[in-house]
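Peer 1: Got chain A; can you put chain B on it based on the hints?
There are 2 protein chains.
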Amino acid sequence: MTKKLHKSGVTAAAGVQAAGIHAGFKKRKKDMALLYFPDGATVAGVFTKNKVKAAPVQYDQQALQQHDRFKAILINSGNANACTGKQGKADVEETVKLLSTELNIQPEEVLVSSTGVIGMFMNMETMKKGVKAIAPEVSEFGGAAASKAIMTTDTVPKEVSFTFEVAGKTATIGGMVKGSGMIHPNLGTMLGYITTDVAISQAALHAMLLKAADATFNHATIDGDTSTNDSVFVAATGKLDNPLIVSSDDAGYAEVEAAVLSICSQLAQLLVKDGEGATKFVEVLVSGAKTMADAVSVGKSVATSSLVKTAMFGEDANWGRVITAAGYAETEYFDADVIDIAFSSKNGEIQLCEAGMGVVFDEELAKKILEADEINILIDLHLGTEAASTWTCDFSYDYVKINADYRS
Amino acid sequence: MTKKLHKSGVTAAAGVQAAGIHAGFKKRKKDMALLYFPDGATVAGVFTKNKVKAAPVQYDQQALQQHDRFKAILINSGNANACTGKQGKADVEETVKLLSTELNIQPEEVLVSSTGVIGMFMNMETMKKGVKAIAPEVSEFGGAAASKAIMTTDTVPKEVSFTFEVAGKTATIGGMVKGSGMIHPNLGTMLGYITTDVAISQAALHAMLLKAADATFNHATIDGDTSTNDSVFVAATGKLDNPLIVSSDDAGYAEVEAAVLSICSQLAQLLVKDGEGATKFVEVLVSGAKTMADAVSVGKSVATSSLVKTAMFGEDANWGRVITAAGYAETEYFDADVIDIAFSSKNGEIQLCEAGMGVVFDEELAKKILEADEINILIDLHLGTEAASTWTCDFSYDYVKINADYRS
Numbered sequence: 001m002t003k004k005l006h007k008s009g010v011t012a013a014a015g016v017q018a019a020g021i022h023a024g025f026k027k028r029k030k031d032m033a034l035l036y037f038p039d040g041a042t043v044a045g046v047f048t049k050n051k052v053k054a055a056p057v058q059y060d061q062q063a064l065q066q067h068d069r070f071k072a073i074l075i076n077s078g079n080a081n082a083c084t085g086k087q088g089k090a091d092v093e094e095t096v097k098l099l100s101t102e103l104n105i106q107p108e109e110v111l112v113s114s115t116g117v118i119g120m121f122m123n124m125e126t127m128k129k130g131v132k133a134i135a136p137e138v139s140e141f142g143g144a145a146a147s148k149a150i151m152t153t154d155t156v157p158k159e160v161s162f163t164f165e166v167a168g169k170t171a172t173i174g175g176m177v178k179g180s181g182m183i184h185p186n187l188g189t190m191l192g193y194i195t196t197d198v199a200i201s202q203a204a205l206h207a208m209l210l211k212a213a214d215a216t217f218n219h220a221t222i223d224g225d226t227s228t229n230d231s232v233f234v235a236a237t238g239k240l241d242n243p244l245i246v247s248s249d250d251a252g253y254a255e256v257e258a259a260v261l262s263i264c265s266q267l268a269q270l271l272v273k274d275g276e277g278a279t280k281f282v283e284v285l286v287s288g289a290k291t292m293a294d295a296v297s298v299g300k301s302v303a304t305s306s307l308v309k310t311a312m313f314g315e316d317a318n319w320g321r322v323i324t325a326a327g328y329a330e331t332e333y334f335d336a337d338v339i340d341i342a343f344s345s346k347n348g349e350i351q352l353c354e355a356g357m358g359v360v361f362d363e364e365l366a367k368k369i370l371e372a373d374e375i376n377i378l379i380d381l382h383l384g385t386e387a388a389s390t391w392t393c394d395f396s397y398d399y400v401k402i403n404a405d406y407r408s
Numbered sequence: 001m002t003k004k005l006h007k008s009g010v011t012a013a014a015g016v017q018a019a020g021i022h023a024g025f026k027k028r029k030k031d032m033a034l035l036y037f038p039d040g041a042t043v044a045g046v047f048t049k050n051k052v053k054a055a056p057v058q059y060d061q062q063a064l065q066q067h068d069r070f071k072a073i074l075i076n077s078g079n080a081n082a083c084t085g086k087q088g089k090a091d092v093e094e095t096v097k098l099l100s101t102e103l104n105i106q107p108e109e110v111l112v113s114s115t116g117v118i119g120m121f122m123n124m125e126t127m128k129k130g131v132k133a134i135a136p137e138v139s140e141f142g143g144a145a146a147s148k149a150i151m152t153t154d155t156v157p158k159e160v161s162f163t164f165e166v167a168g169k170t171a172t173i174g175g176m177v178k179g180s181g182m183i184h185p186n187l188g189t190m191l192g193y194i195t196t197d198v199a200i201s202q203a204a205l206h207a208m209l210l211k212a213a214d215a216t217f218n219h220a221t222i223d224g225d226t227s228t229n230d231s232v233f234v235a236a237t238g239k240l241d242n243p244l245i246v247s248s249d250d251a252g253y254a255e256v257e258a259a260v261l262s263i264c265s266q267l268a269q270l271l272v273k274d275g276e277g278a279t280k281f282v283e284v285l286v287s288g289a290k291t292m293a294d295a296v297s298v299g300k301s302v303a304t305s306s307l308v309k310t311a312m313f314g315e316d317a318n319w320g321r322v323i324t325a326a327g328y329a330e331t332e333y334f335d336a337d338v339i340d341i342a343f344s345s346k347n348g349e350i351q352l353c354e355a356g357m358g359v360v361f362d363e364e365l366a367k368k369i370l371e372a373d374e375i376n377i378l379i380d381l382h383l384g385t386e387a388a389s390t391w392t393c394d395f396s397y398d399y400v401k402i403n404a405d406y407r408s
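Chains A and B supply the protein sequences, listed in that same order. Counted from 1, the first sequence has number 383 at position 383 by my numbering; the numbering is strictly sequential. Counted from 1, the second sequence has number 117 at position 117 by my numbering; the numbering is strictly sequential.
One chain only, chain A, in its complex shape (with noise of 0.2 Å):
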């Protein structure tokens, strides 16, 4: 029991309370999380680029344009709200009165995210007895609970946390994230909490938040799709007592920072290792753009690849297909004469294209070092100095077989 006792994720910064049960979304397991800041959080999110976006996507974005200063974010899995039109809008209005009364808070202190089936209306009973059912139970023991309650095809739930140093004082930061498959460079099906006990405005999260995701969530690919729920929240509960952080300037901004993009990049790693059916970690490390965007349209192109992905899955040194999606990647400087393509793993490196041309190689090594969980692709481009790392996952079996049959 004791076990339980533990506050981990989400729940590892003060201020913070969360809770995760099952209100009957899903058949038999965890649907619904609550975080819940006693004295208040400064929150700030980014969401899903897809045109089509959910009812509680367009609730946040304009509640977070109105206020900064949040008591509560509801969750639950299940049931996207998405593609339900008025109806939808007005589910999440009634699901934020119904929590605001139930914790005695007011409506605007509440954000709301919703993930799973598209297209069907909130069943509105289950999402009141769920209201009343979750409220009494969070507590900063909640965090493991809600990083299960948020998870839709996810094998594993997915949480992390660490201190850091922010004017002479120990800060914490926790997390936790919930998507498999869907994930994709623009954010995929993606749900991610952060909390932080730091002091600061919304303006400085905000803008700590977009470059963490941008370079994190967002180089994070398994399949190619992304969604119309996918969003991001950071939420700052102050208790550290820091001098407020408001501009870079201030002490403490750069590591803060430095703890958001820390804590990003450790989530999306969990996300991609738990992509649907994945079996490898992959990332794909592009050197020698001549630009920073030709770097990333590259490492996403190959990435993105299901022909790499399944050579991957079996282990089959087909550098051609690396070089092929490189090639119809769209770059501005691109020379396939002069491109070097490597693999390597924690059982060494083997060199497979210098200059665009195949090289004699080793081919047991090579299966060797393409045995291991975690793999690089590495490919020089050789026309500069830029570099950028995009992370995905194997294309299994499973993953048809999980995709095949999600909805029903």
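Keep in mind that the hints were calculated from the coordinates and are not lab data. Treat the hints with care, since some could be wrong.
Pairs involving identical chains hold if they fit within one copy or between any two copies, as the list cannot separate such chains.
[What the hints assert, rightly or not] Here are the computed lysine to any residue pairs in the SDA-like style, where the Cα-Cα straight-line distance is at most 25 Å:
no., residue 1, residue 2
1, K86, A355
2, K239, L365
3, K51, V360
4, K49, E255
5, K49, D380
6, K86, E371
7, K49, E332
8, K367, E109
9, K86, Q351
10, K49, T291
11, K89, K169
12, K89, N347
13, K26, V117
14, K7, K368
15, K169, L64
16, K27, S345
17, K26, N123
18, K367, S287
19, K49, P136
20, K239, G40
21, K51, L285
22, K86, E354
23, K49, M292
Peer 2: Frame of chain A; chain B shown alone:
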């Protein structure tokens, strides 16, 4: 035995001979094809847009700029001769010389195609042996054998032919195509060869082929990857003795243009139906777009979505994945609140989404519709009058199986 004496596919038109043999690039299966035009043919071609181009593609592009009449096209499967540098180019030139000597024609009258593994030098001993063996084999009944010899992961040979009227005479057009998997908007790994007996200029033929390829092969998509070797050729022998067609005002121009479009369309659909591990043919019909570019972009986005394709395999009426993929397509005009989505097949039609919202639908009818081998996904953007069609296939366990281990 008489079965083999059939003038099918590329040998349907007068003035074309062909052969298909086992040369030794593959272990057992046929791997070398030859198209021979004893009295020459006017040839046009379109090629991959990948920045990494195989040696034979580079050779053919140059040859077609310099000449318009050719007598032979040699094709090998098993080795793509891509990423092979100067050696690869020298090997193409040597191949051209070997074949011209064997057929007693000029080197300038020879074109070469390759498909197979990337990054390996050609085995020129095998090539030499193969060229010697195939030259005496050509006949006007060799179309079927040639269509087998160009296969890689294809499960069936793909050839068609038909007749049409040109200037009061009965003209013939025939073709063969190779490819499965890797088929994408920008042509994918495919080789296509079309022959006809009409008399037409290279410029007119090229214009027709460009237009037809853009409307057919470029709208067919299996897995989103494009290749280093994609090529489609059309050869016109002139044996029909019609007045030479040069401009669109000439008698027969419209008929030949329609025939080229029709055969490209038939060949492209055969390609998609033979998609690696495909169990269903899926046509995505986008209508009501404000611009043609938007219609094409939405169609390709839906047709390349791994999640849509696995849902088709699972016979799951998951229209949420369709609207999600439509929403992340790059479009100029898009309104999530007016879109309609329906599925149809020979078993009926069912509306799933109206004005961006899910509608209550008969799950049993939906299931019955999706059980068919050919499915239509109908998307009405309700913003204009432009429409486009994209062909794809579903994504099955076998896709992963075939591609995890192709190279070895």
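Peer 1: Look at each hint and say if it fits the structure.
Peer 2: Here is what the structure says about each hint:
Taking the closest pair of Cα atoms, K86 and A355 come within 25 Å of each other only across two copies (11 Å); inside a single copy the shortest separation is 57 Å, beyond that limit. Within a single copy, K239 and L365 get their C-alpha atoms no closer than 53 Å, and across copies no closer than 57 Å, so neither meets the 25 Å cut-off. Taking the shortest alpha-carbon separations for K51 and V360, only the inter-copy value of 23 Å comes in at or below 25 Å, while the best intra-copy value is 47 Å. Within a single copy, K49 and E255 get their C-alpha atoms no closer than 28 Å, and across copies no closer than 46 Å, so neither meets the 25 Å cut-off.
Proximity of K49 to D380 under the C-alpha cut-off of 25 Å is restricted to the inter-copy arrangement: shortest distance 21 Å between copies versus 30 Å within a copy. When the C-alpha separation of K86 and E371 is checked against a cutoff of 25 Å, the pair qualifies neither within a copy, at 51 Å, nor between copies, at 33 Å. With identical chains, the CA atoms of K49 and E332 are at most 25 Å apart both within one copy (24 Å) and between copies (14 Å). Taking the closest pair of Cα atoms, K367 and E109 never come within 25 Å of each other, the shortest separation being 55 Å inside a single copy and 44 Å across copies.
Taking the closest pair of Cα atoms, K86 and Q351 come within 25 Å of each other only across two copies (20 Å); inside a single copy the shortest separation is 57 Å, beyond that limit. In this homomeric assembly, K49 and T291 come within 25 Å of each other (Cα to Cα) both inside a single copy, at 23 Å, and across copies, at 21 Å. For the homomeric pair K89 and K169, neither the shortest alpha-carbon distance inside one copy (42 Å) nor that between copies (66 Å) is at most 25 Å. For a Cα distance limit of 25 Å, the shortest separation of K89 from N347 qualifies neither inside one copy, at 52 Å, nor across copies, at 36 Å.
Proximity of K26 to V117 under the C-alpha cut-off of 25 Å is restricted to the intra-copy arrangement: shortest distance 11 Å within a copy versus 47 Å between copies. Within a single copy, K7 and K368 get their C-alpha atoms no closer than 40 Å, and across copies no closer than 50 Å, so neither meets the 25 Å cut-off. Taking identical chains as interchangeable, the C-alpha atoms of K169 and L64 are never at most 25 Å apart, the minima being 29 Å within one chain and 72 Å between chains. Proximity of K27 and S345 under a CA criterion of 25 Å is satisfied in neither setting, with 41 Å inside one chain copy and 32 Å between copies.
Proximity of K26 and N123 under a CA criterion of 25 Å is satisfied intra-copy only: 11 Å inside one chain copy versus 59 Å between copies. In this homomeric assembly, K367 and S287 come within 25 Å of each other (Cα to Cα) only inside a single copy, at 24 Å, whereas the closest approach across copies is 48 Å. With identical chains, the CA atoms of K49 and P136 are never at most 25 Å apart, being 35 Å at best within one copy and 60 Å at best between copies. In the homo-oligomer, the alpha carbons of K239 and G40 lie at most 25 Å apart inside one protomer (10 Å), although the nearest pairing across protomers, at 84 Å, exceeds that limit.
Within a single copy, K51 and L285 get their C-alpha atoms only as close as 30 Å, which misses the 25 Å cut-off; across copies the closest is 20 Å, which meets it. In this homomeric assembly, K86 and E354 come within 25 Å of each other (Cα to Cα) only across copies, at 13 Å, whereas the closest approach inside a single copy is 57 Å. For a Cα distance limit of 25 Å, the shortest separation of K49 from M292 qualifies both inside one copy, at 21 Å, and across copies, at 22 Å.
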